[in-house]
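Position chain B relative to chain A; hints supplied.
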Amino acid sequence: MSFIRLIAVAALALPGLAVAHGPTRQKAVEAVEIAAPPAAVWALIKDWGGMAKWHPAVGEVALNGTTERILKLKGGGNVVEELEVVDDGSMTLRYRMKDSGPVPVNNYSAAISVVAQGSGSLVQWKGAFYRAYLNNDPPPEQSDEAAVKAITGIYKSGLENLKKVAEGK
Amino acid sequence: MRPVGSVQQLPSARWLLRPAAVVAFTLCICAVNASNAVGAPTAVAGPLAVVSNQGGDSVSIVRLAPEKTPEVREVAVGRAPAGVAVDARSRRAFVSNAEGRSVSVVNLATGSTVFERAVGAGPVGIAHDPVRQRVYVADWYRNSLWVLQDSALAVVAEVPLGKAPAGVEVSADGTRIYVAERCVVVVSVIDSASLQMLHRNAVGSHPFGLRLAPDGGSLWVTNVLSHDVSVIDVTGLESAAGRAVLATLPVGHRPYCVAFAAGRAFVSNQYGDSVSVIDVATLKTVATLPLVAYPEGIDSDGKTVWVVSWMDEQMVGIDAATLARTVTVPLGRNPRGFGRFVLAE
Chain A
8 MSFIRLIAVA ALALPGLAVA HGPTRQKAVE AVEIAAPPAA VWALIKDWGG MAKWHPAVGE
68 VALNGTTERI LKLKGGGNVV EELEVVDDGS MTLRYRMKDS GPVPVNNYSA AISVVAQGSG
128 SLVQWKGAFY RAYLNNDPPP EQSDEAAVKA ITGIYKSGLE NLKKVAEGK
Chain B
876 MRPVGSVQQL PSARWLLRPA AVVAFTLCIC AVNASNAVGA PTAVAGPLAV VSNQGGDSVS
936 IVRLAPEKTP EVREVAVGRA PAGVAVDARS RRAFVSNAEG RSVSVVNLAT GSTVFERAVG
996 AGPVGIAHDP VRQRVYVADW YRNSLWVLQD SALAVVAEVP LGKAPAGVEV SADGTRIYVA
1056 ERCVVVVSVI DSASLQMLHR NAVGSHPFGL RLAPDGGSLW VTNVLSHDVS VIDVTGLESA
1116 AGRAVLATLP VGHRPYCVAF AAGRAFVSNQ YGDSVSVIDV ATLKTVATLP LVAYPEGIDS
1176 DGKTVWVVSW MDEQMVGIDA ATLARTVTVP LGRNPRGFGR FVLAE
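Chains as they are written, first to last, in the numbering used here: chain A, 8 to 176; chain B, 876 to 1220.
Bound conformation, chain A alone (with noise of 0.2 Å):
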């Protein structure tokens, strides 16, 4: 699991978080098709509250109210989200992070989305933040390429994992 290799590595160097970012948003994009019927697919997505199903790397969840989870890592530290549109017509959830905890991003938001492919379906994993240093001149572990390289670790393995879920396997 180099997502959580990642996150504890960040841990260590990430002092707190702050509202301001730079200028230069940064993206990452996944994709997994899994042969499943969609409605299965986005069942498992749109439960706020059952991340560890499916997510190798979110030992529990906790809700406060219906809106806002807390991650527990399992390899340390918490992140806190909040949903913001969970839409059955386009079988997308919409959500942000409130807290990133060890993740070294800045004002992250993301889309997960179901669309039926084939006889099975196409999960889309899009994400949009800043890094976690606010200023000119950051340290590698807070830099652009740290910060899309732990999110696309936290896609991949995610997806990799819903789709075994998914599929029973």
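Accuracy of the hints is not assured; some may be wrong.
Example chain B residues on the side facing chain A (calculated, C-beta under 8 Å, incomplete) [stated by the list, open to error]:
#1 Ala973
#2 Glu974
#3 Phe990
#4 Ala996
#5 Ala1047
#6 Tyr1146
#7 Ala1168
#8 Tyr1169
#9 Asn1209
Covered stretches of chain A (chain B as the covering partner; in silico rule of three or more C-beta atoms under 8 Å from a C-beta of chain B) [stated by the list, open to error]:
#10 30-40
#11 106-114
Here are the in silico distance ranges between beta carbons for each label pair [as the list claims (entries may be wrong)]:
#12 Ser97(A) / Asp1154(B): 26 to 32 Å
#13 Pro1125(B) / Ala69(A): 31 to 37 Å
#14 Ala984(B) / Gly96(A): 29 to 35 Å
#15 Pro146(A) / Ser1069(B): 38 to 44 Å
#16 Pro146(A) / Cys1058(B): 31 to 37 Å
#17 Gly83(A) / Ala1088(B): 51 to 57 Å
#18 Ala42(A) / Pro1089(B): 51 to 57 Å
If you are wondering where the hints come from, they were derived from the structure by calculation, not from laboratory data. The beta-carbon is built from N, C-alpha and C at its ideal position, and this holds for glycine as well.
The following block gives chain B in isolation, referenced to the frame of chain A:
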């Protein structure tokens, strides 16, 4: 860091598109030249859009033709370009390179970068004033506004501002400069002759983009974190007794910038994946168009409103009258197009 004033020559246009598209664009230029008996015009006729591709260190120059597939070419600029300002007279575009800490000048006739000059620490918002022949650049990290002469980008002055200045706009007569100071939560008015700040007016949370309405009477400011737009009376802004904020209009999630066409204001809502359409006269929202993922840069050629999708890396045309979607143009990586990026003919 390179000193302010150094000029770096760059290689000419980098063609990244299919050969067919390149040939088509080249043919258009030839046709324009050939049709002029006097010869020697180098400018490409017709409206253009120049969109900064922040993740591609480039701009996409798009020949706008709503009825058919537009021609696009991608030209290298500095690192992580954000802001764009086009100049109709010289047919040049000025591009702020946020990470390159520089401004690039792009010749739109030849589709090549003319030069890149070091400017400050974090250039973002950029505006061109054809009257005083200046380029104004907001510096996010130095908390200032650079005043540059537009031919060679020589520094005229650096005006100190509050934290995180973002969008810049100039009045049509060139006498006033407006800046959204994001972390001070105000819009500032600067006298372009004296370069003194005349007034500051409180707006919503995290003002970012701003644009004057076509009649020059109102200034529209997007407030990113309060998800609304402040409509400011330009005269009231300078009158001590005046009530400057005419209205605060709720829009979609995290608005980015504003464009005008057909008596309407169009607001790109980054996190709402939508464009809010507001009647300028009544200040009523007439539609919210679900359009593209992370719409950011927005500008108009008078008939069509052009919206940049940062996530999907494309530009979408909207007919300003019917609000129908017209064409989709592919762009480079992580496009932003912050500023006046359309050169209407």
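Can the suggested window of 38 to 44 Å be confirmed for the beta-carbon pair Pro146(A) and Ser1069(B)? For Pro146(A) and Ser1069(B) the Cβ distance comes to about 42 Å; the hint holds.
Would the hint on Glu974(B) stand, with a C-beta cut-off of 8 Å toward chain A? With a closest approach of 6 Å, the Glu974(B) hint holds.
Let's test the interface hint: is any C-beta of chain A closer than 8 Å to that of Asn1209(B)? Cβ of Asn1209(B) sits 6 Å from chain A, so the hint holds.
Can the hint on Ala1047(B) be confirmed by a CB-to-CB distance to chain A that is less than 8 Å? Violated: closest Cβ of chain A sits about 27 Å from Ala1047(B), beyond 8 Å.
Outcome, coverage hint (the segment 106-114 of chain A, chain B; C-beta under 8 Å; three residues): violated (count 0)
Assessment of proposed distance window 31 to 37 Å (beta carbons of Pro1125(B), Ala69(A)): 32 Å, holds
Satisfaction of the Ala996(B) interface hint, Cβ to chain A closer than 8 Å: Holds: closest Cβ of chain A sits about 6 Å from Ala996(B), inside 8 Å.
Status of the Ala973(B) interface restraint (C-beta, 8 Å, chain A): This interface hint holds because 4 Å falls under the 8 Å limit.
Does 31 to 37 Å hold as the CB distance between Pro146(A) and Cys1058(B), or does it fail? About 23 Å separates the Cβ atoms of Pro146(A) and Cys1058(B), which means 31 to 37 Å is violated.
With chain A as the partner, please determine if Tyr1146(B) meets the hint condition of a C-beta pair closer than 8 Å. Holds - the Cβ of Tyr1146(B) comes within 8 Å of chain A, reaching about 6 Å at its closest.
Chain A contact restraint for Tyr1169(B) - C-beta distance below 8 Å: 6 Å, holds
Is the gap between the beta carbons of Ser97(A) and Asp1154(B) within 26 to 32 Å? Holds, since Ser97(A) and Asp1154(B) (Cβ atoms, about 28 Å apart) stay within the stated range.
Comparing the model with each earlier hint shows violations of hints 3, 5, 11, 14, 16; every other hint is respected.
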